[in-house]
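Construct the complete structure from the given sequences, taking the supplied hints into account.
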Amino acid sequence: MSFTITHISPVQVKIDVQVPSDEVAASVKRVLQTVGRQARIAGFRKGKAPLHVIKRLYGDRINEDVIDDIVPRQLGVALQEGELYPLSQPQFDLGTLDESQDFSFSATFEVAPRLEALVTEGVTAEKFRLKVNEALIDAELGRMQSDLAAIRDLEAPRAVAEGDVVRCELRQVVDDTTEGEPIPQQDFTLLPDRTPQGMIDALVGKNVGDKATFSLGEGGEATFACEILEHKERVLPQLDDEFAKDVGDYETLADLRADIEKRHLTQMEERESERLRTAVFDALCEQNPMELPPTLLQKQVDADKKRFASMMSQMLRDAGAEDDEAAGMQRDDAAFNERIETDAARLVHRHFLIEDIAQREKLEVTDADVDAWFVQTAESTGLPLPRIRAEYGKGERIMDLKGMLLERKVFDFVLPLITIEEKDMPSQGDANDSPSDSPSDDG
Amino acid sequence: MRTLQEVIIKPLVMTEKGEILKENQGTYLFKVALAATKPEIKEAVEKLFKVGVTNVNTSIVRGKVTRMGRRMGKRPNWKKAMVTLRDGDSIEFFEGV
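Keeping their order, the protein sequence lines are chains A and G.
Just so you know, our numbering puts 109 at position 109 of the first sequence, and the rest follows in order with no gaps.
Just so you know, our numbering puts 528 at position 85 of the second sequence, and the rest follows in order with no gaps.
Keep in mind the hints are simulated off the structure, nothing from the lab.
Treat the hints loosely; a few may be bogus.
Not everything, but these chain G residues come out facing chain A in the computed CB check (under 8 Å) [claimed, not checked]:
1. MET457
2. GLU459
3. GLU462
4. THR497
Computed far set for chain G versus chain A, every beta-carbon distance over 12 Å [as the list claims (entries may be wrong)]:
5. LEU455
6. THR458
7. GLY461
8. ALA479
9. ILE503
10. MET511
11. ARG514
12. THR527
13. ASP530
14. GLY531
Below, simulated SDA-like cross-link-like pairs (lysine to any residue); rule was C-alpha separation at most 25 Å, straight line [stated by the list, open to error]:
15. A:LYS409 to G:LEU455
16. G:LYS453 to G:VAL496
17. A:LYS29 to G:GLU459
18. G:LYS460 to A:LYS245
19. A:LYS232 to A:GLU221
20. A:LYS55 to G:VAL496
21. A:LYS402 to A:ASP367
22. A:LYS206 to A:LYS245
23. A:LYS245 to A:LEU136
24. A:LYS14 to A:SER88
25. A:LYS46 to G:ALA478
26. A:LYS55 to G:ASN467
27. A:LYS362 to A:ALA378
28. A:LYS55 to G:LEU464
29. A:LYS46 to G:VAL496
30. G:LYS460 to A:THR34
31. A:LYS262 to A:LYS362
32. A:LYS46 to G:THR470
33. A:LYS362 to A:GLY122
For glycine and all other residues, C-beta sits at the position ideal for the given N, C-alpha and C.
Below you can see the structure in the form of structure tokens.
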């Protein structure tokens, strides 16, 4: 068997394969034997008919089977010898099959693009110096204080204020005037994260025995009448060393502050690491343009669109839409398509760039790397190691995991080669925002 | 006097046993006239197919008893000739089958 490889474009390859007649004859014999084993022919027991009889009776079918036998077998050998890895289904151009002559065919398919040389010169990325804002720690301490607040009776009656606790009797207002059955009494802490803002606004300034009405829902779908039955106040604990001892295994308030700072810093480091990785690969992609295989790109676009549609349907269902309405949620406008295509191209480009660098520098993910990740994840999550192994150690998840570990290896390799500009974080809020990857972020 | 075509009624092709005889011994099977003799069969094969015949064996194949509803019947007996050719000879007709 001989073959020639023609590069039609950086991502499209044509391979012409010549199969000698003896291999064709061997294949014909192989196929005839296979067919003969199953063929029922009058005058012969099953499987006993001679090959020439089978050939005469099943001539056309034999030819098709011979091609099915020869082409994948010979193409497989040619691809292996030529070190080609098709990314798309090959398009075949088949010659005429004649047992006594050489058989030739060609296959055209897409392959991964390769860089001539990796360009790292001029590639820059910003790295933020991480610092936990004191206000962030204060806010968390405030939340802890609020959680541990004591509730006590008022020393003297006064109007309800935000942060107080009130016991109310609620009734839903039907048809603007009629009040429904009372809802069992319950206590409400008038804080935005615990009680709807509309209710807080309605009750602040009122006294025990007063009535108020408020509406909930964006369009005021439900209106309630509320009577204040009891009014108590919350007393926040002092922020001191005793408070620190109460909330955990800390000796002083400074220890507690240090622990909060450490936790925030860890989270920020994880986010910054992800942001930096994205920024580095985006910058590398910009300096190392590649022609992307159209079929693969289209597959990515289709997958992204499908994921987006499914996400929108789920959101609509969660919001109470009918199944039919939710299922019909599709976007197909030009801006949306352009955004999806840009994101898909970025993802595919990044994937091929990582593959190229890994291949060029012989970077591989070993079983030891995977094991190390399992151990590290088990330690950081507190989950048992066998469970982590069982969950991530097979099927698509192990492939995804290996992809992620390879990306990290490539990142570690390229980081010293590019220019990293260290900068202060723009602001705590900005640094905490994850980079937008999903088209849904602005969709 | 029977003509050659009256002696050889038809060649028997496409049977497992016939294939084995042909491949191993160069023996070809024919359905022949019930009254045909071995010399007549030899002469007919030699002249019709332009080959040399070294041996002719014959047998009468008894017709099968058949039934059509309540009526019983019998297919006619027929004669099978096993003709062995000279080494190197073959009958083109059989090869193409």
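Results for each hint:
no.: 1; hint: MET457; verdict: holds (4 Å)
no.: 2; hint: GLU459; verdict: holds (4 Å)
no.: 3; hint: GLU462; verdict: holds (5 Å)
no.: 4; hint: THR497; verdict: violated (24 Å)
no.: 5; hint: LEU455; verdict: violated (9 Å)
no.: 6; hint: THR458; verdict: violated (4 Å)
no.: 7; hint: GLY461; verdict: violated (8 Å)
no.: 8; hint: ALA479; verdict: holds (23 Å)
no.: 9; hint: ILE503; verdict: holds (21 Å)
no.: 10; hint: MET511; verdict: holds (23 Å)
no.: 11; hint: ARG514; verdict: holds (27 Å)
no.: 12; hint: THR527; verdict: holds (19 Å)
no.: 13; hint: ASP530; verdict: holds (21 Å)
no.: 14; hint: GLY531; verdict: holds (19 Å)
no.: 15; hint: A:LYS409 to G:LEU455; verdict: violated (75 Å)
no.: 16; hint: G:LYS453 to G:VAL496; verdict: holds (17 Å)
no.: 17; hint: A:LYS29 to G:GLU459; verdict: holds (19 Å)
no.: 18; hint: G:LYS460 to A:LYS245; verdict: violated (100 Å)
no.: 19; hint: A:LYS232 to A:GLU221; verdict: violated (30 Å)
no.: 20; hint: A:LYS55 to G:VAL496; verdict: violated (29 Å)
no.: 21; hint: A:LYS402 to A:ASP367; verdict: holds (9 Å)
no.: 22; hint: A:LYS206 to A:LYS245; verdict: violated (37 Å)
no.: 23; hint: A:LYS245 to A:LEU136; verdict: holds (21 Å)
no.: 24; hint: A:LYS14 to A:SER88; verdict: holds (12 Å)
no.: 25; hint: A:LYS46 to G:ALA478; verdict: violated (35 Å)
no.: 26; hint: A:LYS55 to G:ASN467; verdict: holds (20 Å)
no.: 27; hint: A:LYS362 to A:ALA378; verdict: violated (29 Å)
no.: 28; hint: A:LYS55 to G:LEU464; verdict: holds (20 Å)
no.: 29; hint: A:LYS46 to G:VAL496; verdict: violated (32 Å)
no.: 30; hint: G:LYS460 to A:THR34; verdict: holds (22 Å)
no.: 31; hint: A:LYS262 to A:LYS362; verdict: violated (37 Å)
no.: 32; hint: A:LYS46 to G:THR470; verdict: holds (23 Å)
no.: 33; hint: A:LYS362 to A:GLY122; verdict: holds (24 Å)
Consistency with the previously given hints fails for numbers 4, 5, 6, 7, 15, 18, 19, 20, 22, 25, 27, 29 and 31, ordered from lowest to highest.
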